[in-house]
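Chemist: Taken in order, these protein sequences are the chains called P and A.
Every number in this note's numbering is 127 more than the matching position in the first sequence, counting from 1.
Every number in this note's numbering is 86 more than the matching position in the second sequence, counting from 1.
No wet-lab data here; the hints were simulated from the structure.
The beta carbon of each residue, even a glycine, is placed where N, CA and C say it ideally should be.
Check before you lean on any hint, since a few could be wrong.
Under the rule of at most 25 Å between Cα atoms (straight-line distance), these lysine-lysine pairs were calculated in the PhoX-like manner [to be verified]: (1) Lys461/P <-> Lys317/P; (2) Lys437/P <-> Lys418/P; (3) Lys785/P <-> Lys135/A; (4) Lys132/A <-> Lys737/P; (5) Lys737/P <-> Lys773/P; (6) Lys737/P <-> Lys133/A; (7) Lys422/P <-> Lys437/P; (8) Lys422/P <-> Lys975/P; (9) Lys450/P <-> Lys461/P; (10) Lys88/A <-> Lys268/A; (11) Lys135/A <-> Lys737/P; (12) Lys336/P <-> Lys371/P.
Derived contacts from chain P toward chain A, CB cut-off under 8 Å, selection only [claimed, not checked]: (13) Lys223; (14) Thr227; (15) Ile480; (16) Thr494; (17) Gly497; (18) Leu690; (19) Val697; (20) Ser699; (21) Glu716; (22) Gly720; (23) Leu731.
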Amino acid sequence: MKVRLFRPFSGEDMLKALPKTTRAIAVLDRTKEPGAGGEPLYKDVMTAVAESYTAGKLPFKSFPKIVGGRYGLSSKEFTPAMIKGVCDELKKETPKNYFTVGINDDVTHSSIDYDPHFEIPSDTTRCLFYGLGADGTVGANKNSIKIIGEDTPNNAQGYFSYDSRKSGTVTVSHLRFGAKPIHSIYLVDKANFIACHQFVFLERYDMLKDAVSGATFLLNSPYGPDEVWEKIPPNVQKQILEKKIRFWVIDGYKVAKATGMGSRVNTIMQTCFFYISNVLPKEEAIDHIKKSIEKTYGAKGEDIVRKNFKAVDETIANLFEVKVPGVADSPIQKPPVVPPEAPEFVQNFVAEIIAGRGDHLPVSAFTPDGTFPTSTAKWEKRNIALEIPSWDPNSCIQCGKCALACPHAAIRIKAYDEKLLKGAPKTFKSMPARGEEFQPGTLFTIQVAPEDCTGCGVCVESCPARNKKNVNRKAVNMTSQPPLRFTERENFNFFLNLPEYDRRLLKLDTVKGNQLLLPLFEFSGACTGCGETPYVKLMTQLFGDRMIIANATGCSSIYGGNLPTTPYTVNSEGRGPAWCNSLFEDNAEFGLGFRLTIDQHTSLARDLVKRLSSQIGGDLAGALLDAAQTDEAGIAAQRERVAALKTVLEKINSPDAKNLLTLADYLVKKSVWILGGDGWAYDIGYGGLDHVLASGRNVNILVLDTEVYSNTGGQMSKSTPRAAVARFAAGGKAQGKKDLGMQAMNYGNVYVAAIAMGANDAQVAKAFLEAESYDGPSIIIAYSHCINHGIDMTKGMRQHKAAVDSGHWLLYRYDPRRTEAGQNPLILDSGAPTTPVKDYIYSETRYKMLTLSQPEEAAKLLEGAQRDVDDRYQLYRQMADLDYSL
Amino acid sequence: MKRKMVTIDGNEAAAYVAYQTNEVIAIYPITPSSPMAEFADAWAAKKVKNIWGMIPSVTEMQSEGGAAGAVHGALQTGALTTTFTASQGLLLMIPNMFKIAGELTPTVFNVTARTLATHALSIYGDHSDVMSVRSAGWAMICSNSVQEVMDMTLIAQAATLESRVPFVHFFDGFRTSHEVMKIEQLAIEDIRAMIDDNLVYAHRSRRLSPDAPLLRGTAQNPDVFFQAREACNPYYLATPAIVQKAMDKFASIAGRKYHLFDYYGAPDAERVLVLMGSGCETAQETVDYLHSQG
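Chain A extracted, bound-state conformation:
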């Protein structure tokens, strides 16, 4: 299949897939993630439909904390739901992120990784925000380039539906979120092929509904909390293989191959660099050059 080549930035690449694969989107602006929310809002206003022929509901909240609350509520009632954020905005979502993960709820948050304000505010990129949510129980998947942002948003969406573990999909603020690159745009059929509707229905079937009522968010005492907390282990143990499966399926559809860890360089190398994010692209370029120089 011949796919369209587009010259867009990382935010648009993420928003494109997120919009197509979600039903409810709760938003709040924060640099450098705001364009993703703005795209979603603009497309909804233009009545652009997602892969199920539905116009996603896009709602601005009063803070990232509020956006996370609305996302949590929408997920609990069975809608595929997402949001976009960065930096201290992501931190405001932490209280809900623990609950969303603890309830094994599939969702992908797209995060333009940005510096946390410390001695000074900075709107630019590093991983201090995403590293602050490591303990929340989310899968975390990183994209290094604009093309990867589009691809990984979809891979994450497919993997979260199957694993039930929520995903933070992050890429470098400004360097990737605002970098314009010519990339191959995934076709709607590609996206459709990656999403299994049975998993969407399974998510719906776990919803809160008065027609088949259930209860979540209980308070538990020391007698049972610990055991109940360990009951999620199998889902985390299964997640790496599920992600790889989604990557393999993606490769069979779009051709680009990804792995949980992609080693690049000489097979007999003795010195290895390990890193995540846009720096990987530069490292690759440098390794290529150094290698060619012997």
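The shape of chain P in the complex, shown without the other chains:
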């Protein structure tokens, strides 16, 4: 029975709709209410039947058996097999109540059994497409199914399953079409056509397991029809043979490169699909693809459309059917999902999810409260880079800018004693470390993590050094990944095992100094070339071993805390950021809550030290209470004291000692960071942010300002500048950008900084160190380029400079401590604008597109945008020039 009108619930009508012969009812709720004694629909149905019984109007022979169950939470698959399982359960004498279906609950045994092999025969055509998140596969397939639905008599269905991570993970498009209406509201598992848009997926996913006999398999392969066979894993070969699969290959990346599409293969693969599948006559199909390209990319400029057309035209000549040899003799060994040295939790849990077998994990595999260990991203070797940076020590000036700019902590620098080089792999590179802070005999290495790098090229773009013999080459240069993968993997492992340089000896306010610190945020699922993560990484390098992060929902919470792996990690002592996401709207308050507890527990710990001082020893107690902790050396010394304190406390048998033991770590200064984007800080969380700024409490706020709601797909926020086009501002934003920094400065006792890494990285480091050391609220507003800006993500850092040169983004630091010293608290770190705003904004599609769609409006808004910049600079200039000594 289908419930249509849920409220007001008409029990009488429900009973009329049920057959008089009803003897057992299973009510399926797609929600869970812990502690409720049944989910809502179940209770309503039960109540209606009981009411009719009470009223003496029961329409059935006897009171039916009624049970409730849960299915499909969080889009869990709900298949014919599960439905049959529920029907079978109802046949039992006492069917299970409060059951679940679709999972294996081995803890409270709520789940009912079903036969997973049960299926309904069908002559609908079913297709699966494996793409890489953000590679355009999903978009192209949406267009394909629309073409099939609208331009053929077929019934059509498209569904797209994503990993919610930002990018670089698998997307699977499920298409069905055929003469009969489609009621299969579940994923395709018996496919006639399977396409793999990423060659590397073959070693990760067993995608042909879903192929029916005689299916077609299309592979985007760097290897041609004659050599591909021995490059694919044996299980793929075997299934091709056993299921008599027709096997096609195309070198999509070659076509993309040749036609100016970069690495976007989506329309190329789409063209192959239409060619092979014969849904439409070939010419007609190509005509439709081109129309959909115009529709999808038209607003972004003629050039993009033209390149796509060209790619489509050159596809067929590069598409080949493979003559399948008769034997599966592949020498390729499928690598383990995670390296064998990974810890047990990673082997048994994380690896299962990575391998796409998360559905089979039973309830007992999970913590009941959503707690997970950090430091797991390093085990997921995604291998998605086509090219990785290769270091040339002869050209390197050891500035650290490559490591600073890397969004994924995949290129790192280290300084170490030359003696440690013993036993290094043959291809491991090093050079003498330059700088007075290093002892003679110290070596310096820049090392790439070849299987974690996403190949964005930001490091190369940020490298200021040139090869003297060939000025086109720098100190890091992009090089094809496959030949380097295994040697560089070995080098990276050797590199990781080199000890970290002593933090106490580094100049943390220099890029070189802070880039020698271990990043405690690595290999996240952020977009290739992400503009936010370099700041997050730097923050963890500086303070990660004593920081707690409150993270607003958004991109930073998704790349920061998405299962199966987490990029936050620990140092060799096991210390690292503790991280939690509460909501989108409450993040400042959530982080303030951290600080309230820390202050409260620190104060209690100090009281207990005082109370126990005779037992602890007066000297140690005194030193613990008076510790300065103003620099790395002070913090390290206090950590040693706390370790000594714990040893003493373990020997004291008293409630106070036991209590203090649980709180002793609070005697070391903690750093609270409240992290989020502009959607949070400027809009939904502003009330809380403002309240926290006004609280006077020692918290640090980092606003990753992309000037748009990035995670939800690019909607306007109050940070979006005038003249920019965003979703919800399709005609260009008519209002200016809110000046969040100015509002924060209003309080007078808030540290405020505006930074842009690509414009002035030394100022970035200063701002972080000043904000953290300020004993009060601090806010850093960080210019973050974003894929939503419509820029070449390899060159994101250039946009920082263009934004600052134009005056759109001012760099400044407002430090209340300077007021106390009789100085102006505001230092304007950027000079007067040197370029017109249009030079900056029209280098980004988000602005440029308006000049195509509404040129007159664009011109008007440009004028306004220029005025915004001029006025704002004048205001800040005058504020920064005020004399505070009077």
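Once you've looked at the hints, dock chain A against the given chain P.
Modeler: Chain A in isolation, oriented as in the chain P frame:
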């Protein structure tokens, strides 16, 4: 033990125990719950200490949503934390309440049950606010009189620490929150005896700390969310017995006996009323009278 008799209202009764058994209190005013927050703030200003000899940190937030956020943050870092609210204020806390419960975090929110504003605002009492948070995964415990408010605040605090399921403790707005009654005040030793410090330390040990970092608030995909969601079941199944255990322990300390369901009346009754809240007191009085009349 001879306990002090005090003549106070329901809000003071709840605030008294909540203050004694918490370390961080985030507040925001809303009628009729505001006096609980005002008491807490005033006692902190007077440097009144809780049962651990600590002055709780009392912080006013900018909304109930903000108060819930601060509570959630303070709980995540291991402090015993509470707040007070009612009506649409409670509704503003719902987004965080789902998370606090989903993370199995012990806390007690004291709620003066108040009408939700619909066709009109009303500051007076009914259960429409607390009934709106039924799906959040919180235990919900109801007090019917001023004495019960004091007792149940403590029972809830003891039960939440053991069960890890958070509690909404509610009582009727105005009728109970503002009714002045002469009641027996729990002594500090009573409160001390009900709270097991090992459970407090267990709560602390689950905190976010860079010295032993962990991560909560992940995003999960369809492959695992459902199974992970069912992993909390044993905690809910255990909660009723834990509450009864706390009630029994309370009875052994303070003498007043409570049960998950207290039936009152003739053991051979054929017609039964079921209700929650201050109306129970009246029903009891009426049943007594009717019974005496035969």
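Chemist: Does each hint hold? Answer for all of them.
Modeler: Against the structure, the hints come out as follows:
A C-alpha spacing of about 24 Å is found between Lys461/P and Lys317/P, which places the hinted pair at or below 25 Å, so the restraint holds. A hinted pair counts as satisfied when its Cα atoms are at most 25 Å apart, and Lys437/P with Lys418/P qualifies at roughly 13 Å. Distance restraint check for Lys785/P and Lys135/A: the Cα-Cα separation of roughly 20 Å lies within the 25 Å cut-off, and the hinted pair is therefore satisfied. With a C-alpha separation of about 22 Å, the suggested pairing of Lys132/A with Lys737/P holds against the 25 Å cut-off.
For the suggested pair Lys737/P and Lys773/P, the alpha carbons sit about 15 Å apart, so the restraint of at most 25 Å is met. Pair hint Lys737/P plus Lys133/A holds up; C-alpha atoms about 19 Å apart against a cutoff of 25 Å. With a C-alpha separation of about 16 Å, the suggested pairing of Lys422/P with Lys437/P holds against the 25 Å cut-off. Taken as a hint, the Lys422/P and Lys975/P pair is honoured in the structure, with Cα atoms around 18 Å apart against an allowance of 25 Å.
Between Lys450/P and Lys461/P the alpha-carbon distance is near 23 Å, which keeps this suggested pair within the 25 Å criterion. For the suggested pair Lys88/A and Lys268/A, the alpha carbons sit about 15 Å apart, so the restraint of at most 25 Å is met. For a cut-off of 25 Å, the pair hint linking Lys135/A to Lys737/P stands: about 17 Å separates their Cα positions. The straight-line distance between the Cα atoms of Lys336/P and Lys371/P is roughly 13 Å, inside the 25 Å bound, and the hint therefore holds.
At a threshold of 8 Å, the smallest CB-CB gap from Lys223/P to chain A is about 14 Å, leaving the interface hint violated. At about 6 Å, the closest approach between the beta carbon of Thr227/P and any beta carbon in chain A falls short of 8 Å, and the interface hint on this residue holds. The closest approach between the C-beta of Ile480/P and any C-beta of chain A is roughly 6 Å, which is under the 8 Å cut-off, so the hint is satisfied. Because the closest C-beta pair between Thr494/P and chain A is about 7 Å apart, less than 8 Å, the hint holds.
A least Cβ separation of about 5 Å between Gly497/P and chain A falls short of the 8 Å threshold, and the interface hint therefore holds. The interface hint given for Leu690/P holds, since its Cβ lies 5 Å from the closest Cβ of chain A, which is under the 8 Å cut-off. A distance limit of 8 Å between C-beta atoms decides the matter here; for Val697/P the minimum to chain A is near 6 Å, and the interface restraint holds. The interface hint given for Ser699/P is violated, since its Cβ lies 14 Å from the closest Cβ of chain A, which is over the 8 Å cut-off.
Against a cut-off of 8 Å between C-beta atoms, the interface hint on Glu716/P holds, since the closest Cβ of chain A lies about 3 Å away. For Gly720/P, the shortest C-beta to C-beta distance to chain A is roughly 2 Å, which falls under 8 Å, so the interface hint holds. Interface hint status for Leu731/P: upheld, as the beta-carbon distance to the closest one in chain A is roughly 5 Å, under 8 Å.
Consistency with the previously given hints fails for numbers 13 and 20, ordered from lowest to highest.
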